[in-house]
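Using the working numbering, read the sequence shown as starting at 102 and increasing by one per residue.
Simulated from the structure, these hints should not be mistaken for lab results. All values derive from a computational prediction rather than experimental measurement. Possibly wrong hints are sitting among the right ones.
To be verified - Using C-beta positions, here's what the derived DEER-type ranges look like:
no.: 1; residue 1: H180; residue 2: I394; range: 46 to 56 Å
no.: 2; residue 1: G251; residue 2: S165; range: 40 to 50 Å
no.: 3; residue 1: G139; residue 2: S173; range: 26 to 36 Å
We put the CB at the ideal spot given by N, CA and C, even for glycine.
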Amino acid sequence: MFGFLIVLLSSVFFCFQNVLVRVLFKEHDILGLFTTGGFVTPSLPSSFLLMFMRTLLVMPLTSSFAPVLHSSIWSDLRHLGDRSNRSLLWQLLGGGMLMFLYLALLYIAIGTIPTGIALTLFFTYPVFTALLSWRWFGNRPSRLSWIVMGIVLIGSYFTMPVINAQIDRSSLIGILAGLGSGITYAFYAVIAQKSFERIHPFSYTWISFGTTMILSGMSLLLWNFHSQSLPWTALWIAGLLSAIVSFGGHLLNNFGIRYLGATAAAIVAATNPALTALLAWLTIQETLNGIQIMGVLTVTLSVALLSRELKSEKQG
């Protein structure tokens, strides 16, 4: 029950963060009361900037909670320098690189296609997690699991603008970025599950955020990003809000993976696309057509069923 509750809470945090990112990329009416947003263009350099600002704020926030949540974090980090922990160090750095990549792709998807659709495409990741778990942990999916995986992919197809002949270059980029972020996150989740055999989830989260901060900062320098005319006050306020919910969401999700396993944690997390679509509708009046709503619900229910089936197989 504890694992269920913390993954549910992490989903709520992620929903808020996803809608916030959408507002940063595109102007919206907020609750029908006022209009704001559209502070940066939905592009890869803008994604790097938002990621860097968020992680720059989340790192001191995470460190300040270390004495309460995991007082041994600094000891964990020192021990990573030991020769015997060299493979674990590379594993953790790999997880941080995957966090950086999946966030960059997800930001692009949210900036170019509706938030609910972007998250539905991202949340196909349990399909890929199941395949990776089979490859790395020997957890072979059952026939029912294969069927449900197919339904998940069909549901994802229904969410795409191509269904209504609305496909264009921007939408295609968003679709590919959404799917790519899901595949990348599947690798991140499986590496996290493996890492938790040797290191605490809090330490793993801290290293992932730190790696993402360094990589996003380096990407900005290499891209020669021009930022003179940006509304910095609004961006820093949004960055602080994003840092708070990102810290809570990732930390709780990693604890959930530790308690439930990488695939089983998606039992609750599968509701994220539907929750995000609902929150986007309530706060920024972002709507989907009937076929796309059917696709969101199909993916949500199928992923939940898939995760439940995989958990039953693991227990059996």
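Hints, one by one, checked against the model:
{"no.": "1", "hint": "H180 / I394: 46 to 56 Å", "result": "holds, 50 Å"}
{"no.": "2", "hint": "G251 / S165: 40 to 50 Å", "result": "holds, 46 Å"}
{"no.": "3", "hint": "G139 / S173: 26 to 36 Å", "result": "violated, 44 Å"}
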